[in-house]
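A.B. asks: The task is simple: from the sequences and hints, build the whole structure.
Using our numbering, the first residue of the sequence shown is number 19, and each one after it goes up by one.
Just so you know, the hints here were simulated from the structure itself, not pulled from any lab data.
You may find that some hints are simply not true.
[To be verified] Pairwise CB distance ranges, derived in the manner of DEER restraints:
(1) L61 / N653: 54 to 62 Å
(2) A188 / A43: 20 to 28 Å
(3) L412 / S323: 15 to 23 Å
[What the hints assert, rightly or not] Capping the alpha-carbon separation at 25 Å, the derived lysine-lysine pairs in DSS-like fashion look like this:
(4) K466 / K543
(5) K599 / K454
(6) K572 / K466
(7) K306 / K494
(8) K543 / K306
(9) K381 / K652
(10) K466 / K494
(11) K466 / K454
(12) K339 / K381
(13) K306 / K381
(14) K572 / K599
(15) K381 / K572
Small disclaimer: the values here were computed from a predicted structure and weren't measured.
Note that the Cβ used here is the ideal one computed from N, Cα and C, for glycine as well.
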Amino acid sequence: MVNDSLYKPKALHARIMSGSAVLLAGSSLTIVVNLAYNIVIALFLGPAGFGHATVVYTVLTILSALALAFQIVNAKVVAQQSSLEAKAQAYRVLHRAAWACGTLVAVVLLLFRISISNYLNLPDPILVEMLAIGSGFFVPLGCRRGWIQGILGFRSLAINLSLEGAVRLAGSYALILMGFGLRGVIAANAGSVVVAYLAIRPKLAAPSANPLRLREALSETYQGLTFYAGQTLINNFDIVLVKHLFSAEMAGLYAAVALVGRVISALSAAVVNTMFPLVAGTGEKERKDLRVIATSLLLVIVTGSLFAIGLSFTPAWVWTKCLGAGFKISGAYDLSYLATLYAIKSVIYSISVVFITFEMAYKIAHSNAVQLAFSVILVAGVCEFHSSLLEVILVQLVLLSVLVVFSAVPLLIDLRSDRNEPDVSEHLEPIRLIRKVSEDEVISEFLKSDFRDAEFRECPVQWREIIVRPNFADAKENQKRRAMHLLRHLTLWNEIPRDTEWYEVEINEVALEQVRVFPRAQWRKLARGNFAITRIADDLRARRHKLDADFISKIEALEEQLRQGNRGFGTVILLGHRKKKPVTVLDGNHRLVATMLTSAGKLSGLRFMCGLSERMDRCCWYRTNFSTLCRYAKNLFLVALQNPRGKLLRSLKESDRLKPEKDVAAELEVGRLVEADDTRI
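C.D. replies: Structure below.
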């Protein structure tokens, strides 16, 4: 649902620009504070102590995948609610879950503190114990920040981020002066998380009904966890591995180089944190404007590139002056060179993050799973190639460039295809519901025209009879029809969401531009990106002589049947997201187009059934894109392993309603009925 806010009069890309400006200003202050923090601990603790402090904070950042997952889920869910009561109740549910997860993380860290300390070569296990305290609060802190983000409180979010950095800096400096050294720094890190959590006091409406469905909440949480698991690994795994693979001094130098990555990540996060709730709370028409994603990409590229250019001109003495005499690398590949290369790597990855989070804002995206897979590949790559700090950075640079392609191409194709769809009128509905029908009835209609195909040509007459004369009250019959459908169409039905409700419908002939053909084979060549049935019919009239002969012969055969008065066409099956969105033909492209060509757009001779679901855009038959096709390929492979033909035969043999002793007259009658209704092409 669209979020009514003070930002609504502005265009979406303009809102992203203004919101990003607020968060970028706050992030800049946070970056300055964090740089001051790193300079302080580097000067007082030296390269080895700086490496210890950085790797402990990095572990906290890796564990923050849970916190960030709750933040992004809360931001999306809150932004999509239409009332203050629904927003507040959604937050309450997620906040309780966040505390449960945070407590679990803290307990796990305490149980394995010795092993973690030994692996990271830390001087004292108490550092991990203090880390556990910070982690316990970090997850619910993410949930509270998600609330601020979801209600578009970008200024409050920027202030809270700056507060956390200020407490970390002031606490670390004070505790170092008091003689606590490294322990004091880690204690200040944990304390800053607690203070940031307590500083957010959400003003919630009175409790109301929970607006979240369990399945949707789990799907969103899984998506958030998958995304941030991949992101935190990509942003932080190198620091942990370098700490394990190199000496403490070299790890400290690399930690200094990696600071630029944290700066660029913070800058890009300001843009993403603005874009995400705004895209989540707006409609499809605004989203598919390419200026929206272009604005976010431009902000990320410009801010990151300016920072990288500045680093390339930074002389070596600046590093030693700011961080200490120990932070120096001799030769051509000095700290400035490595930092510039690291900055380029971070900008490239930030571009991927924009593409991935844009897609996540309005649906369950699969690009985050691709990112997670790349994070594993990155770890393996650095483990294999780490002869120098330069090689560690180059491995990441190459692999993250490939990730940009994998994350950008599917989304851009999807956005371009959406732009070619017809505009949907708010006042015209493509269908009118007549009556609700069962899924078994729809499957039966789907199968009626299958019996002339090779799979069913020699099938027993009993099988035909349960299609022509179905008894939907008979569970065994229904099971047999599903088995037949599986044999003929494999996973076709499995791709349709389980919560789909089926109706017999009537097509609104005034809104035919909202009916789309199923995009396959010759239809793709004919449509050229616009699959509206009206556009298809017009193109067929104008370009018939240029199309494939077999394709045209099927259309002409159906047209001839119509001219002869034969309107015994089977049911056309449709899929839709909701009544005011376009509907797609699942079965019956040829019949529908032939009827329009012959009857001047009049569809009174056709019968229609339509499946409606709020999750229909995840179905490849309704919305064909990279992610839905990947899901289909996976399901197709799994079903192929299950031997559907054997399942069909077992199912049919188990049925005892129909006996094999059928007289010839009955068989001929059934065959006649089937052939009379066999018009699906």
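A.B. asks: For each hint, tell me whether it holds in the structure or not.
C.D. replies: Status of the hints after comparison with the structure:
A hinted range of 54 to 62 Å holds for the C-beta pair L61 and N653, which are about 58 Å apart. Separated by about 21 Å at the C-beta atoms, A188 and A43 satisfy the suggested range of 20 to 28 Å. In this structure the hint that L412 and S323 lie 15 to 23 Å apart at CB holds, the actual value being about 19 Å. Between K466 and K543, the direct Cα distance comes to roughly 29 Å. Violation of the 25 Å bound is thereby established for this hinted pair.
Only pairs whose Cα atoms come within 25 Å are accepted, and K599 paired with K454 is accepted, the gap being roughly 19 Å. For the hint linking K572 to K466, the alpha-carbon distance of about 18 Å falls within 25 Å, and the restraint holds. Of the pairs offered as hints, the one joining K306 and K494 is violated, with about 46 Å between alpha carbons and a cut-off of 25 Å exceeded. Straight-line distance between C-alpha atoms of K543 and K306 comes to about 23 Å, which keeps the hinted pair within the 25 Å bound.
With a CA separation close to 19 Å, the supplied pair K381 and K652 stays within the 25 Å bound. A distance of roughly 18 Å separates the Cα atoms of K466 and K494; the hinted pair therefore holds under the 25 Å criterion. The hinted pair formed by K466 and K454 meets the criterion: a straight-line CA distance of about 20 Å does not exceed 25 Å. Distance restraint check for K339 and K381: the Cα-Cα separation of roughly 48 Å exceeds the 25 Å cut-off, and the hinted pair is therefore not satisfied.
About 13 Å separates the Cα atoms of K306 and K381, which keeps this hinted pair within 25 Å; it holds. Of the pairs offered as hints, the one joining K572 and K599 is violated, with about 29 Å between alpha carbons and a cut-off of 25 Å exceeded. About 38 Å separates the Cα atoms of K381 and K572, which puts this hinted pair outside 25 Å; it is violated.
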